[in-house]
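Number of protein chains: 2
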Amino acid sequence: MKYSLRAGGKRVRPALTLAAASLFGGEAGMAAAMPSAVAVEMIHTMSLIHDDLPAMDNDDLRRGLPTNHVVYGEDVAILAGDALLALAFEHVAKATEGVDPRRVVSVLGVLGACVGARGLAGGQVMDLESEGKGDGEVTMETLTWIHTHKTAALLVASAVAGATVAGASDEDVGRLRTFATKIGLAFQIADDVLDVTSSSTVLGKTSGKDEAVNKVTYPRLLGLDGARARAEELVAEAKACLDVYGDKAAVLSELADFIIERRN
Amino acid sequence: MKYSLRAGGKRVRPALTLAAASLFGGEAGMAAAMPSAVAVEMIHTMSLIHDDLPAMDNDDLRRGLPTNHVVYGEDVAILAGDALLALAFEHVAKATEGVDPRRVVSVLGVLGACVGARGLAGGQVMDLESEGKGDGEVTMETLTWIHTHKTAALLVASAVAGATVAGASDEDVGRLRTFATKIGLAFQIADDVLDVTSSSTVLGKTSGKDEAVNKVTYPRLLGLDGARARAEELVAEAKACLDVYGDKAAVLSELADFIIERRN
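These protein sequence lines are chains G and B, in that order.
Counting along the first sequence from 1, when you hit position 130 you're at 130 in the UniProt record's numbering, and nothing is skipped either side.
Counting along the second sequence from 1, when you hit position 38 you're at 38 in the UniProt record's numbering, and nothing is skipped either side.
Read the hints as simulated data drawn from the structure, not as lab findings.
Don't take every hint at face value.
Computed footprint of chain G on chain B, listed as stretches where at least three residues anywhere in the stretch have a Cβ under 8 Å from a Cβ of chain G [unchecked claim]:
no.	stretch
1	67-77
2	105-111
3	119-131
The beta-carbon is built from N, C-alpha and C at its ideal position, and this holds for glycine as well.
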């Protein structure tokens, strides 16, 4: 559990949680959201450990290090993922302080929903099923469904958790949800582009993987330039959701830019 | 997810949740505890799906049916387990009604803790590591540690969740915790005995498994009669914890008896 959590990574999800909490609750909101921020990184790490397993994407490199099962064996890797997932919920329930318990229950519901059949797991199942299929069989609609669930769901939950803990109104939470869905899709398109254009060394994970398993991606459906343009468009739309908050949303806005400017 | 949830099973854990809720909250307590009861069965089912995987116990029969990965493949089985685990938390958070949200947060913390490194996953890691070791290397102390975590932790969480939702005092919750720890250990000893004495057909899972992987068990350390006697002793101690409640605890008491009298 420690090995994969401490392997680094961009920490985009906890940054999103804390930025959302800061927008609606300032310093106190950020402090209250810290257990949720830690939890979303635990959930993300669990999903990486399990996705990298031989029975799934069968990857041996992640965050520049050997994957969990390469180091500890498949059995321990499966259990480390299970334990990290459970610890995420335990941590939010036990370590969140100074927050109305109704809001804590709400956050736990949001985090639970983003992992399951209508979240990470559902998206990954569809992703696995679409491997090796031709362009005609996997449409833009299917691809967007996969990425909305596999990638955007946890980013949305990360932002919503931060906003909820900090006491945001339903309207504000709704705005953050739209913002995070759009940057979630942009994030995945950027990932697809990097898989084509970058090296394994820079990525810290195996590059060229999508083509190797004949996976339909945004670059394949839209071309590299088309995919890049679509990601920029989504980030612009996402940032427009924040206009109503003015300069107070500067950190969230910078996170949106980082999503497509990053090199790994 | 549905396939494994609906494959049957004894439903001991949800029965424990509902019996504990009934003791402290009557009919209303039972109704309030239903989402928690469903959640503990989801968590148990997740642990069975993952434990049966080829990388773990590699079993192809469970509850009289082919195991999840035999039917759906290893990738989907891993994801179904992940999704069931997350759904357990989501369901408690979203479907529990008429309960002080502080108690709901408490239940979610208890459920999270029983799965992780100090619960199911930790117990399973130690169990896997003890396979193939000789009698001298796995002591009664180690074996009790494994079973306290691998088996008793979820039974304890099941009872505590029911009692907590129904408004039990800290003292009552403590008593239920002791009761469930003892029947948890008795339950595992009974499992070990059945693995030796029963057939796969009656068990609905592969029998003789422990000896096949050279696993240290209670029957091996204490003999069959010694193991049976220890289980009966634990059940008697467990039932003594309930004396203070008189006839009101009849269902919990019957559950304790069922633990060692069951045939599968």
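We went through each hint and held it up to the structure:
{"no.": "1", "hint": "67-77", "verdict": "holds (count 4)"}
{"no.": "2", "hint": "105-111", "verdict": "holds (count 5)"}
{"no.": "3", "hint": "119-131", "verdict": "holds (count 7)"}
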